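Each chain is listed here by its residues.
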Amino acid sequence: EPEVTQTPSHQVTQMGQEVILRCVPISNHLYFYWYRQILGQKVEFLVSFYNNEISEKSEIFDDQFSVERPDGSNFTLKIRSTKLEDSAMYFCASTAQGAEQFFGPGTRLTVL
Amino acid sequence: DAKTTQPTSMDCAEGRAANLPCNHSTISGNEYVYWYRQIHSQGPQYIIHGLKNNETNEMASLIITEDRKSSTLILPHATLRDTAVYYCIVRAYILTGGGNKLTFGTGTQLKVEL
Chain X
479 EPEVTQTPSH
489 QVTQMGQEVI
499 LRCVPISNHL
509 YFYWYRQILG
519 QKVEFLVSFY
529 NNEISEKSEI
539 FDDQFSVERP
549 DGSNFTLKIR
559 STKLEDSAMY
569 FCASTAQGAE
579 QFFGPGTRLT
589 VL
Chain W
3 DAKTTQPTSM
13 DCAEGRAANL
23 PCNHSTISGN
33 EYVYWYRQIH
43 SQGPQYIIHG
53 LKNNETNEMA
63 SLIITEDRKS
73 STLILPHATL
83 RDTAVYYCIV
93 RAYILTGGGN
103 KLTFGTGTQL
113 KVEL
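Protein chains in written order, with this note's numbering: chain X, 479 to 590; chain W, 3 to 116.
Calculated directly from the structure, the hints in this document are not laboratory data. Values in this document were obtained by computation on a predicted structure and should not be read as measured data. We put the beta carbon where it would ideally sit given N, CA and C, even for glycine. A few of these clues could be false.
Quick list of simulated restraints, FRET-style, between CB atoms [claimed, not checked]:
#1 X:Lys556 - W:Leu116: 25 to 33 Å
#2 W:Thr7 - X:Glu546: 32 to 40 Å
#3 W:Lys71 - X:Met493: 40 to 48 Å
#4 X:Glu537 - W:Pro9: 37 to 45 Å
#5 W:Ser43 - X:Gln495: 22 to 30 Å
#6 W:Ser11 - X:Thr485: 32 to 40 Å
Make a model of the complete structure from these sequences and hints.
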């Protein structure tokens, strides 16, 4: 069964450093998403991406965040200058037509 | 998107049916009811969705009341592996142009016990 994959599973970084979280969505999917979940809190929407552009973003997704689909398979989330409060699980999701979203296993980001 | 209300937690004996309720009294005519679950900090997993008719798939059944103001997710024979947080999400389904974000609440922590 096809699945969304994410790398790395755990990323530790120093405050102020740039991080790139990588996702490989399901191959025939057209819509891509990033969500995050701070420990003990709700899953929060960050951004959706379709047709090589951002279609929607939340207030969390400020100028420090960017997304890219550099090739036909990867979908990345970049945080330019990490803050302590960026520590969270980051989930990538994809869908073919927007109904059922398939989530990856997540990347745990720890900012020290 | 309409707001949903779910119990904070529920217990269920293994092998019995788990019935998880959700209230969405402000649901609009074009909004669907979606259910996802999250097993211990894994990525959320889609379970089922519906508009107004009852739906069933290999994982669960979804019963939506006639006025659409509430619904119940039914896991017919719960197992220990069904222990998870279950999220009821109401939103419109946009066919094209992206969007379709999911807004997660706090969900119901279902604990399945022997």
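Verification of the hints:
{"no.": "1", "hint": "X:Lys556 - W:Leu116: 25 to 33 Å", "in the structure": "46 Å, violated"}
{"no.": "2", "hint": "W:Thr7 - X:Glu546: 32 to 40 Å", "in the structure": "38 Å, holds"}
{"no.": "3", "hint": "W:Lys71 - X:Met493: 40 to 48 Å", "in the structure": "47 Å, holds"}
{"no.": "4", "hint": "X:Glu537 - W:Pro9: 37 to 45 Å", "in the structure": "29 Å, violated"}
{"no.": "5", "hint": "W:Ser43 - X:Gln495: 22 to 30 Å", "in the structure": "24 Å, holds"}
{"no.": "6", "hint": "W:Ser11 - X:Thr485: 32 to 40 Å", "in the structure": "34 Å, holds"}
The structure shown violates the earlier hints numbered 1 and 4.
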